[in-house]
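Undergrad: Here is what each chain is made of, one letter per residue.
2 protein chains.
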Amino acid sequence: MTPIEIALQEARDAAARGEVPVGAVVTDAAGRVLGRAGNRVEQDHDASAHAEMLALRQAAAALGSPRLPGCTLTVTLEPCPMCAQAASFFRIRRVVFGAYDPKGGGVEHGARIYAAPSCHHAPEVVGGVREGECATLLREFFAALRR
Amino acid sequence: MTPIEIALQEARDAAARGEVPVGAVVTDAAGRVLGRAGNRVEQDHDASAHAEMLALRQAAAALGSPRLPGCTLTVTLEPCPMCAQAASFFRIRRVVFGAYDPKGGGVEHGARIYAAPSCHHAPEVVGGVREGECATLLREFFAALRR
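One line per chain: the protein sequences are F and X, in this order. Going by this note's numbering, 45 is the number at position 45 of the first sequence; the sequence numbering is gapless. To get this note's numbering, take the position in the second sequence, counting from 1, and add 1000.
Here chain F stands alone, though its shape is the one from the complex (with noise of 0.2 Å):
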C-alpha cells in the first residue's frame, strides 16, 4: 500500500469507531512506516489526538529522537494549525495531504503556518493527493451524524 492508501485505512478505521475520519502515516526516506493512526481524540478522551499528531509521536518514538529529518507525514485532510506547527517541530521533510480544508486547515488556509516568517523549519507541501476518497469519507461521516 502507497503513504496515501495507509492513511486513507487508517481514516476508515477511525470512522468504524465514531471518531472523524482522519488517518495519517510517518514514512522515513527509504517509505519505511514509522508511525500511523486515525483520530482518537473521544477514544483518548485527548482533544489532541489528531491522527497526525498520533503518528508523529508513534515515528518519534520507533526512532528515539524527538526529530525526523528526511520523513514524509501523509494525511488524508489538511493539517490543523496545532498539527502543522508539530510537523515543523519535528523537522518533517515533506507534508502529503488529501483533501483541503478552508474552514480548519492550517497549511493552505488560515494560520498558514509554513509561510510565517517565525516558521524555523517549512516542509515542502503536496495537496490534494487522492482528493476526492478523502474529502467523500469526510462528508458521509458528517451526513451520517446528521441523519
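By construction, these hints were calculated from the structure, which means they are not laboratory data. Note that the Cβ used here is the ideal one computed from N, Cα and C, for glycine as well. Hints may contain errors.
DEER-style ranges, computed between Cβ atoms [stated by the list, open to error]:
1) F:Ala-16 - X:Arg-1067: 16 to 24 Å
2) X:Glu-1005 - F:His-120: 25 to 33 Å
3) X:Asp-1044 - F:Pro-117: 27 to 35 Å
On the provided structure of chain F, position chain X as indicated by the hints.
TA: This is chain X only, laid out in the frame that chain F set:
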C-alpha cells in the same frame, strides 16, 4: 501556591532536566490543579511534548473528557501555535501566560491563532503575569548553553 507559581516550579524542574524551562498548569473553575508539567521534548523524544500539551492531556485524562470547559491554562511563556490551537480544541476558558514570545508565540504574535476567523473557540487571554521571573529563567538557560 498560585497557578503561575506552580508553572514556574515546573519550569525550574524542566531546566534541571536540561529542557527549555517552560512550565504549565491546568486548573478548574474552583482552582483545583488537574494537570501540571514542564517541557519534556528531549526526555520523551517528542517534539510535541511542550509543557502545555502535557498539562492539557493530563487534565483531560483526570476528567475523562477531551474538553475542559471552565478551566484555565497557566504557562510561563506565550504558547506557540501548536499549544494555542490545542488549548482551543480542549475548550480552555482562559489562557494566562508569563513572558511574551515575539519569535515563537502564536497568541499575541505570529499566527495569532485566536484572532483567526476560523477559530471556533477563543479563550480569554491574560499575558505578562510574573513576566520578569518567567523571562529570566529562559534567558539564563540559553545564556548557560552558549557559555
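Undergrad: List, from low to high, the hint numbers that the structure doesn't satisfy.
TA: Going through the list in order, the structure violates no hint and respects every one.
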